[in-house]
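Novice: Whole structure, please, built from the sequences with the hints as guidance.
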Amino acid sequence: MSKFTTQHEAFRNLQRRLLFLRLGLMIGLVLLSTRLWYLQVNKGGYYRGLSEQNRVRTVDLKPARGLIFDRQGELLANNVPGFNLYLTVEDITDRDELADALEGLIGLPRAETKKRLANNAKSYVPILLKTGLTLREAALIEGHRLELPGLRIQAESQRNYLYGDLGGHVLGYVGEVSSEQLDEPAFQDLTQGSIVGKTGVEKTYDHAIRGKPGRKTIEVDARGSERKTLSVAEQTPGDDLFLSIDHPLQRLAESLLGEEAGSIVALDPTNGDVLVMASRPAFDPNALSRGLSSALWEQISKDPRHPLTNRSIQGQYPPGSTFKIFVAAAALESDKWSSDSTVRCTGAYPFGNHVFRDWKKGGHGSIALSEAIVHSCDVYFYNVGHRLGIDAIAQMAGKYGLGMPTGIELPSEKGGTLPSTEWKQRVRKEVWYPGETISASIGQGYLTVTPLQMATAMAAVGNGGVLYKPRLVRAVRDRLTGQIQEILPVVRGVIPLRDESVAFLHEALHEAVQRGTGTRARSTIVEIAGKTGTAQTVGARAQISTGSEGVPKQFRDHAWFVAYAPAENPKIAVAVIVENIGHGGTFAAPIAKALIEEYLEQTESHDRQPHPGQL
Amino acid sequence: MIDSRIQDNFEWRFILVSVGILLLGVASIYNVTHDLDQSGHVPIYVKQLAWILVGSVALLAAMAIDYHALARHAYLLYGIMLGLLVLVFIMGRSSRGAQRWFPLGPFAFQPSEMAKLALVLVLAKYFSDVPRAGWGHQVIIPGLIMAPGLLLILKQPDLGTAMSYTFIFVSMVLVGGLRAKALGMVVLFGSMLFPFIWELFWSSLHDYQRERILTFWDPMTDPAGKGYHALQSQIAIGSGGLFGKGLDEATQSRLKFLPEGHTDFVFAVFAEQWGFIGALVLFTLFAALLYLSAEIAFKAKDTLGVLLATGILSMLGFCLTVNIGMTMGIFPIVGIPLPLMSYGGTTTVMSMAALGLLLNVKRRRLTLFY
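Keeping their order, the protein sequence lines are chains A and B.
Residues -13 to 601 (the working numbering) make up the first sequence, in order.
Residues 10 to 379 (the working numbering) make up the second sequence, in order.
Just to be clear, a hint being listed does not mean it is correct.
Partial list, computed: chain B residues near chain A (C-beta under 10 Å) [to be verified]:
#1 P140
#2 G143
#3 G185
#4 Y237
#5 I244
#6 I246
#7 G247
#8 S248
#9 R263
#10 L264
#11 A303
#12 T312
#13 L316
#14 I333
#15 R372
These stretches of chain B come out as covered by chain A in the derived footprint (C-beta under 8 Å, 3 or more residues) [claimed, not checked]:
#16 61 to 73
#17 162 to 173
#18 364 to 371
Here are the computed lysine-lysine pairs in the BS3-like style, where the Cα-Cα straight-line distance is at most 27 Å [as the list claims (entries may be wrong)]:
#19 K184/A x K455/A
#20 K288/A x K214/A
#21 K214/A x K265/B
#22 K29/A x K265/B
#23 K400/A x K189/A
#24 K202/A x K308/B
#25 K101/A x K214/A
#26 K557/A x K455/A
#27 K288/A x K101/A
Hints are computed from structural coordinates only; laboratory data are not their basis.
The beta carbon of each residue, even a glycine, is placed where N, CA and C say it ideally should be.
Specialist: Right under this line is the structure:
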């Protein structure tokens, strides 16, 4: 009995203990329910947001950039379909594996991929990994989709420059917007990976030609593959640009420079249109726009010949003897000198303890201003400069816009230097020495100008004194409405030269080509007026002239020639500089002649006026 | 006769609840797997239905043989189980760093799932043979019985099963009669030994298991990596909200952001689609199942019956709590399937066999009075 009782008690005990297990399980279920309430009801909205973020991807619809035409409506830049590779960081599982795979498949260096991944802030916004994939590369990526989640190939329009490096400095190139730019208000509607103009008119007119990006939201699965489209806001294409550039003439100018480094600028003196802006060596904007590799970029940007530099607006050269035109203008307008004043040139001009030499050994004999221009007599202008003083020269040259930016609509234009006593005090904190005026009066010393400045100044000489702001873009066409907005010529100033002075300069410059230093520019079909110049390079200061053979190339002079034509009623003004080649009369003058002849011949034979349908 | 009718009624309720859970499981499995490309293969939800059929046979078998007869062979069965665990260690198929499966044609058999049931049987037999007194008889000897199985499972390694195995042991020892004083001793020794045991436990883990436990504390530290499962599962459940997203809008599972949606994370799939209301219904079904099981345990006619039912109850309760807890981020992610809902042959068949054993205990409750 007692044994039974103990057994019975033990059994009851067992059942009592069972209550604890039931209680424990009940507490467990209550805890789970509480947690469930917290997740689904308290934080439901938050997790809903996270799940949306998981499945929804925003894809930027890149607008096609506006087209770029030359003055005749010849297409210079358009867009072609291209494959771009995008990556959504959130969808990647293994970064190292991905970088390895990309190197293996499309030769994208590991370091490049890693770099791109590293400076990406939002993990769910796709980042641009590579542009301009070939069809084969795109197919390879698509074929490995499953192993490479998060990658997406997007067919997008790709900038295409129809003539390669032709006019590349003017057109510029495009590239991915930088993170600094993204912070600026002007780039507000863009996102990482958006394409913007990096230089040239692509940059200055970027706001007009880049268009408005659209946005598409899509649903993706865990692998990042698109499942369906949720919403679309279409993109707006960019506006078209009509440049003032004359494409055939530009082509001729670049071929005339050939392998030499230098620049040619040709303007229409009647309105400031930039007909030609050539700079050599050049680069192919197509290569730069297609997301080039670090190695290629290194090669281009570290090239000792600086192909990326637009010498027309960034090359600052001493004007050499071309500057004599403006010294002569200052002399003509001064009561300290007259056109009849004669100087006896013996080939040397002693000043202080230094002897300044003429380029011609033995000198030019006794000559007046007109002949001094025609034969480019240095000694004559040493005397003029000494008499007038640097400030009178600087004042006149300044009216022609020398030594200051022209305001052309291109990025990073350089100003050059127009020295004066005030300038030297301000910049160098020194007094001006009279000997420095002597060098300046033949365009050497501190004085530097850009080829574009020389061309605008020469256009102002030719048209009788109207200084235009160079006009590179003639019109912008709205891509949607077709409406054309013309950009009007801008007059920067009028040079108050007396009519006699203008006539005198015109005559002297015409004579300089007819029988003076510029005879190599003499043409049988058109009257050309011009002036040669030979700019000494820094390394060759010791010698007066280092034009010829036997001198290392980098020490040879830069050859200048500035001109306008026809002499009576100028339609074109040209500035040519060829670096490290020798005398301007020998090397630069023939280039200017060929260009002028081509332009005027074309204008007469066909109608080289802007296409009426376009403008 | 009246008794028999009540009994039938009870059994029907039990069956109804179980079938309800099983069908919700199949529905969730269907929802996450039906659009997978499995050309030429049998769809996963059809396979699960087939397993349920096999499980029904196991259930009937476990119900049919008197549990006293089963208990007579408990040690033998447990011995065979240990043999299988050794065998799987020697010649099992390994996958993801663990060696747990016997390949059986197109299927895989996981003996550690079966080991849990064998442990329940052998411990129930041990405690019911004679009244066990003193913590030596109540803890150390059963501990020695349990240990080889635990070590073999840990060695595979299968952390989840090892944990439920341990939990079954602890709850059965406690229910089986460990006195308060002895319990105090165990707790004392346990806390003294804890650093050593933890060290032993920690060093026996694979790297991926450690990472899982570490990232459990803060899944956001590595959302794309090790914390991915935990995070995506919580997003799935949380985004379900009060009423759920419905079948088509359940993007976490439909678009496969949630991995293992048809196996360990089947609850997250369910909760995303049906929301808090739906999950509460599911909880109610599970609670009803546990309640009915506890009823069976409470009303069993002898110690063996009580302990058998207790073991099964704690096994089901533990797996249920830990699985759902891990999908909601309150337990680390260890591979424990949700009983009766997760896809899997061994787990489905074994869970249903366990239900059969419960019904077995229930049915033979009245034989005492015959």
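Novice: Now, for every hint given, state plainly whether the structure supports it.
Specialist: Quick rundown of the hints versus the structure:
The closest approach between the C-beta of P140/B and any C-beta of chain A is roughly 6 Å, which is under the 10 Å cut-off, so the hint is satisfied. At its closest, the beta carbon of G143/B sits 14 Å from a beta carbon of chain A; the interface hint therefore is violated under the 10 Å criterion. Contact between G185/B and chain A, as hinted, is supported at the beta carbon level, the nearest pair being about 8 Å apart and thus within 10 Å. A distance limit of 10 Å between C-beta atoms decides the matter here; for Y237/B the minimum to chain A is near 8 Å, and the interface restraint holds.
Using the Cβ-Cβ criterion of 10 Å, the hint placing I244/B at the interface with chain A is satisfied: the shortest such distance is roughly 5 Å. Given the 10 Å rule on beta carbons, the hint for I246/B holds: about 5 Å separates it from the nearest Cβ of chain A. Hint on G247/B holds. Least Cβ distance to chain A is approximately 3 Å, under the 10 Å limit. Satisfaction of the interface hint for S248/B is found here, the shortest Cβ-Cβ separation to chain A being roughly 4 Å, below the 10 Å cut-off.
Checking R263/B against chain A by beta carbon gives a least distance of about 8 Å; that is within 10 Å, so the hint holds. Because the smallest distance between the Cβ of L264/B and any Cβ of chain A comes to about 4 Å, under 10 Å, the interface hint for this residue holds. Checking A303/B against chain A by beta carbon gives a least distance of about 5 Å; that is within 10 Å, so the hint holds. Hint on T312/B holds. Least Cβ distance to chain A is approximately 6 Å, under the 10 Å limit.
Evaluation of the L316/B hint against chain A yields a held restraint, the C-beta minimum of about 8 Å falling below 10 Å. Given hint, I333/B at the interface with chain A, holds; its Cβ is 5 Å from that chain's nearest Cβ, closer than 10 Å. With a cut of 10 Å, the hint placing R372/B at the interface with chain A is violated, because the nearest CB-to-CB distance is about 19 Å. With a threshold of 8 Å between beta carbons, the proposed coverage of the region 61 to 73 of chain B by chain A is violated, since 0 of its residues qualify and at least three are required.
Interface restraint, the region 162 to 173 of chain B with chain A: violated (0 residues with C-beta to C-beta distance below 8 Å; minimum three). Restraint check on the region 364 to 371 of chain B versus chain A: 0 residues with Cβ-Cβ distances below 8 Å, three needed, restraint violated. Among the hinted pairs, K184/A with K455/A is consistent with the structure: their alpha-carbon atoms are about 23 Å apart, no more than 27 Å. For the hint linking K288/A to K214/A, the alpha-carbon distance of about 47 Å lies beyond 27 Å, and the restraint is violated.
For the hint linking K214/A to K265/B, the alpha-carbon distance of about 15 Å falls within 27 Å, and the restraint holds. Restraint check for K29/A and K265/B: the C-alpha separation of about 22 Å stays at or below 27 Å, so the hint holds. Distance check on the hinted pair: K400/A and K189/A sit about 17 Å apart at the alpha-carbon level, within 27 Å; holds. About 64 Å separates the Cα atoms of K202/A and K308/B, which puts this hinted pair outside 27 Å; it is violated.
With a C-alpha separation of about 31 Å, the suggested pair K101/A and K214/A falls outside the 27 Å cut-off, and the hint is violated. The hinted pair formed by K557/A and K455/A meets the criterion: a straight-line CA distance of about 16 Å does not exceed 27 Å. Taking the CA atoms of K288/A and K101/A, the gap is near 22 Å; set against the 27 Å cutoff, the hint holds.
The structure does not agree with the numbered hints 2, 15, 16, 17, 18, 20, 24 and 25 stated previously, though it agrees with the rest.
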